[in-house]
Every structure is written in structure tokens, then in C-alpha cells.
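Visitor: In case you want the letters, here they are:
There are 2 protein chains.
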Amino acid sequence: MGADNISQVLPADVVSIAQGLDEFIVENEKTARHFLGAIKHPKAIRDIEFSTLNKRTDDKDIPKLLDSLVAGKDVGLMSEAGCPGIADPGAKLAALAHKKSIRVAPLVGPSSLLLSLMASGLNGQRFTFLGYIAVEKAARVKELKTIEHKSKIHKETQLFIETPFRNQHLLEDILANCDGETELCIACNISLPDEFVVTKRIRAWKQTELPDLHKKPTVFLLLG
Amino acid sequence: MGADNISQVLPADVVSIAQGLDEFIVENEKTARHFLGAIKHPKAIRDIEFSTLNKRTDDKDIPKLLDSLVAGKDVGLMSEAGCPGIADPGAKLAALAHKKSIRVAPLVGPSSLLLSLMASGLNGQRFTFLGYIAVEKAARVKELKTIEHKSKIHKETQLFIETPFRNQHLLEDILANCDGETELCIACNISLPDEFVVTKRIRAWKQTELPDLHKKPTVFLLLG
Chain X
1 MGADNISQVL PADVVSIAQG LDEFIVENEK TARHFLGAIK HPKAIRDIEF STLNKRTDDK
61 DIPKLLDSLV AGKDVGLMSE AGCPGIADPG AKLAALAHKK SIRVAPLVGP SSLLLSLMAS
121 GLNGQRFTFL GYIAVEKAAR VKELKTIEHK SKIHKETQLF IETPFRNQHL LEDILANCDG
181 ETELCIACNI SLPDEFVVTK RIRAWKQTEL PDLHKKPTVF LLLG
Chain G
1 MGADNISQVL PADVVSIAQG LDEFIVENEK TARHFLGAIK HPKAIRDIEF STLNKRTDDK
61 DIPKLLDSLV AGKDVGLMSE AGCPGIADPG AKLAALAHKK SIRVAPLVGP SSLLLSLMAS
121 GLNGQRFTFL GYIAVEKAAR VKELKTIEHK SKIHKETQLF IETPFRNQHL LEDILANCDG
181 ETELCIACNI SLPDEFVVTK RIRAWKQTEL PDLHKKPTVF LLLG
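So the protein sequences, as listed, match chains X and G. Here the first sequence is numbered in the working numbering, starting from 1 and rising by one per residue. Here the second sequence is numbered in the working numbering, starting from 1 and rising by one per residue.
Chain X with its partners taken away, still in its complex shape (with noise of 0.2 Å):
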């Protein structure tokens, strides 16, 4: 999450509900004592206390992370960018939470994939975020195609996403072996000042330049 627009994407309660918190389970330490810093917690900092949850922590490690709410303590749960347990860390500590009966309450923030949904345009009755794509061309060719045509049987819009160094590359597959009639939503930086949001046909993104997305965080949206 950025620390630069606070009032964009937070609510005031939830920033009130972290202003209150003093113990925290973060992805990255240093961005959560940077944006505790820019919501002016009242705490120092030094005295606040923080416990890392990434792609790194062993699975072994997690239940003593709860240890603070069995006391009965609240503990903030803060990811890196998007919502705790989505695309992000956070789904096993709170599936433990809900083992051991200790509430869990979701607090509003950005999330770049349901903002993409709602600006693309494409169908939101019925959506599949798949998370990342296949990096092995052949893989991700297939997969491709495989995406192309359950989002076409089931009018059922497909999100995925790329290693922000590979969206172009990514890019590039898509228009090279899916439909000239099917939609394509390119959404990147969103929430940031060149947020970016275009729906076209696979045939109309062929004729126009294409946008630079070069390590630049990007959902791609696809309805056949």
C-alpha cells in the first residue's frame, strides 16, 4: 500500500482502528513502520511491536504468530500492497484464527483486482482471478487458450497476473494467440497517478501502440 495517499484509498476508520493497535503481523517491516509513521500513530515506533508473515515464514511458524489474540489482545494484520490474504499473505493465520474461534474482521481497502473489475467494464456477475499466469511459453500459451475458452463457455470474466517485469512479454502472448473478438482489460498502476484502464477487442488492441507496462504492477482481465 502506498504511504503517499492515505486519503485516497483508506477509510479514516480503519486508519483510527491502526492508530490503536500496537502489535502488528506485516508482510515487510520496514513499509509498516514507514506507513505507521504517515498515519501519525500515536505510539513511538520503537515501542510498537511487529511479527513478519511472507512468502518466506515457514507454515510451522505460524500458529505462535496468534499467540497475543488467544490472550484476547488485537493484532493488525498488514500486507504490502492490495488486502491481506488475497493475492497476498494472511489466508493461513486467518483460517488458524478461525480454528481457535477468534474473530476476524476485514477492513476496507484498495484492492487493485475489484478495481479493475468495476473500471473494465467486462462481466462482474461471474469472475475467476486466477493469480498468476504460467511462465513456460508453451505453459502459458496453452493456458491461454484454456482461459479463453471457459471465460467464453461461461461468460465468465478471467483476472490474472504477471511478474511485472514479464508484462510485456505477457502481453505480447495474449494478443499473438487469442481472438480477435475477444475483450481485454489492461489495468496498471492503479490507484496511482497514471492509473491506466483500457477494455478493447484483441483485434483493436493489435492496431494501437501499446502501453508501456514495464515493472509497472498490472491486472489483465479477459472475457472470450
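Mixed in with the good hints, there may be bad ones.
Where chains are identical, the list cannot tell them apart; a pair therefore holds if satisfied intra-copy or between any two copies.
Said to hold, decoys possible - 25 Å max Cα-Cα, derived DSS-like pairs, lysine-lysine:
1) Lys155 x Lys145
2) Lys155 x Lys142
3) Lys60 x Lys99
4) Lys99 x Lys200
These aren't lab readings, by the way, just hints derived from the structure by calculation.
Dock chain G against chain X, hints included.
Guide: Relative to the frame of chain X, chain G by itself:
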């Protein structure tokens, strides 16, 4: 959207943007007027222009909703609950805006789908929103079995909804027809004071007193 908990669900900048618009396309005019009153819109409500876009709007009436946008004016799109275009009207308008090269800018707000998924502890790396589930008993049971099977194969969380007065029946059908090991999250009245988000295996739900979901907006999340 509740007009009573704005600071809980909308960032200040989103409220400012709404305060700066004097033309809105809305799902329900009465609620929209109430909302603009609640955010203290600087203009007299009678000087604000409303057009309606809801499930009764004929597709042929959508193009003229874009007239002001085509003329270069900013227009807000407001839906009742949740996000425009996602399980709510708006997608066809956004689609037409893209065709006319009008910028569509999504604003952060609450989505019961995303908030439920975030709090569920179920897989948020891959998920599908299916919309409303079949009403007729035999079709519904068949659909539930398909959903569960697909979820198990792809490790994909399946989200679905029902007309609120039929929630209790849907819950009974899920418990009667899904596997004991399948995980079910019930997310009810999200972002309201009596918010309830609980995840358990089907066999555990069968052993507990069931929550009262009657006429309460509820998202069902299933992971086989």
C-alpha cells in the same frame, strides 16, 4: 452503501470526489440523494442531476446516459451496495465508455465479496465469484456438487450469494449435500455492527447452532 458508516467504508478523497460532482448515474435515486445529504454535498440536492441505471434499464437506453461524459463532463456512477459493475449494475455503462474512449476511474469502497474472502482464511490466490445460485431444488443441489468438485480440483475458493430471504434454505442445502471435509465460510452483514464471518468444515457446522441469516446480506464461500 450505508449512509451511516461513511468514515468506515469510504476514503476521504472518494467523498471529496463525490462532493465535486453534480451529475450522477445511480441505481436508486432516493438512496443516492440520502447519501449525498449524508456527505454534506455542497450543492442543493435539487440542483444535482440524477439518471437511473438498474436491472430494469433497457440496454438501448444506456448510450444516452453517456451524453454528458461525451461532452467532457465528469459523472459519478453509484450503486446501492457493493461496487458498481460487480454483482451490481454498471458494467455495460463502463463498457460503452471504453468504446467511446472515455476514462473510467474506479474509486475505493467496500466490497462484501473481497472483505469476506480476506477474512475467510480460504484461498485468495485463486477464487471464483459465481453470482446467484440456482433457485430450484434439484438444479441447486447439482450446482452445489459441481461447485464443490471444481473447488477441490483447482483448490479454488468459490463465492456465491442468494436472495437474502432464501439464505437459510441455501445453508441447509449446503450442509445436506457437501462433504464433511469441505470448508464453508459464512460472511453475513459485512461492515455492519453485527458482522459475522466464520469458517468451519461442513461437519463442524453440522454440530453447531446455525447463525440466523434470514433477510441478511450474506456471502457463502466454499473450499472443497
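Visitor: Could you run down the list of hints and mark each one as holding or not?
Guide: Hints and how they fare:
no.: 1; hint: Lys155 x Lys145; result: both (15 Å within a copy, 20 Å between copies)
no.: 2; hint: Lys155 x Lys142; result: both (19 Å within a copy, 20 Å between copies)
no.: 3; hint: Lys60 x Lys99; result: within (15 Å within a copy, 51 Å between copies)
no.: 4; hint: Lys99 x Lys200; result: between (45 Å within a copy, 7 Å between copies)
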